[in-house]
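Student: Letter by letter, the chains look like this.
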Amino acid sequence: MGTFVAAYVAVWLAVVLYVARLGAEQRRLARSVESLQLRLEQREAEQRPRSIPA
Amino acid sequence: MPIFARPCCARCPKWDCPPRAYRIIPDVLAAALLVAAVLASSLLAPTEKTMGDAQRILYVHVAVAWCGLAGFLTMAGAGLLYLLRRDLAWDHWAQAAAEIAWLSCGLTLVTGSFWAHAAWNTWWTWEPRLAATAVLWAVSSGYLIVRSGVEDPHRRARTGAVLALVGAADIPLVVMATRWFRGIHPASPQMEPAMRLALPLSIVAFSAIFGLLLVRRRGRLRLERLLGAMEREADG
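Going down the list, the sequences are from chains W and Z. Just so you know, we're using my numbering here: the first sequence kicks off at 40 and counts up by one. Just so you know, we're using my numbering here: the second sequence kicks off at 84 and counts up by one.
Bear in mind the hints are in silico, worked out from the structure with no lab data behind them. Backbone N, C-alpha and C fix where the C-beta goes; we use that ideal spot for every residue, glycine too. Hints may be right or wrong, so weigh each one.
[Unchecked claim] Where chain Z lies over chain W, by a calculated footprint (3+ residues, C-beta under 8 Å): (1) 49 to 55; (2) 61 to 69; (3) 80 to 87.
[Claimed, not checked] Derived CB-CB ranges, DEER-like: (4) ARG305(Z) / LEU79(W): 45 to 53 Å; (5) VAL218(Z) / LEU77(W): 45 to 53 Å; (6) SER125(Z) / ARG82(W): 28 to 36 Å; (7) VAL118(Z) / GLN65(W): 22 to 30 Å; (8) ARG82(W) / ARG305(Z): 21 to 29 Å; (9) GLU80(W) / HIS237(Z): 16 to 24 Å.
[To be verified] Not everything, but these chain Z residues come out facing chain W in the computed CB check (under 8 Å): (10) ARG139; (11) ARG300; (12) GLU307.
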C-alpha cells in the first residue's frame, strides 16, 4: 500500500502546487485590474472640465 | 436574450455570464468523479496477486499518461491552428496545453518509477516506452523554456507551434512502443471486471481535472493579454 500511497501523494502534490500557481497568478491579475482601473479613473478626473463658480 | 441576464461581479463587463453557483458546477463534478475514482481504485478494485497493492499505481499512472498525450496533442493541434490562422487565441490554448502536458508527462515518469521499483526492482530503465515518454517530457520542457525567452508574441507562437509539431512525432512512438519494440513495459495486462471499471473511471476523472486546469490557465493567459493591451492604451 505504501508505494500506491506515495504515487498518489506525488500526483496530488504536483496538482496542488499547479493550482496554487494559478491562484497566485489570479491575485496578480486582480491587482493589475485594480491598478488599471485607478489609473483610468485618475485620467478621467483630469480630463473632466472644471465647473466655473458663478 | 442570455439565459443568465446578470453580471457575475460588480466589475464584470459581460452581462450573460452565469452566476457563481452555476460556474462551479464543472469543479464540483470533477471533484465528485475524482472521489469516485479514488474509491474505485483503492476499495472496489481487487488486490492483484503478484504485485499486491502496488499494482493500484496503474490507475493513476495510466490516467496521467493519457492526460499527457492528450495535452501534447492539444498543444500540437493548437499550434497548427495558430500557423494556419495567425490568431493568438490558439497560442493561448497551446501554452496552457503545454503546461498540462509537461505536468502530466512528469507525473507519468514519477508514477512509472514507483511501479518500476515495485515490479522490476529498479527506479529507471532505458526501456523503449520509458525512453519515448522521457523524450516527450523533455520536448515539453524545451517548449516552455524556448517560449519564455521570446518577447514578441507572434514570434513566440510561431516558434512554439513548430516545436510542438516536431515534438508530436514522438507521440506514435510512445503509444506503439510496446508493439514495435521488445521491452519489459506491459502492453495490455489481463484485468478483472472491477479493475476494468476502476481504470476508465480514473482516466475520466483525471481528464476532467486536467481539462479544467487547461481551461482556467487559458482564461488567465487571455486576460493577461487583454490587460497588457489595455495598459498600453492607458499609457499611450
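Student: Against the structure, test the hints numbered earlier, and report the numbers of the ones violated in rising order.
Tutor: Violated: hints 3, 4, 6 and 9.
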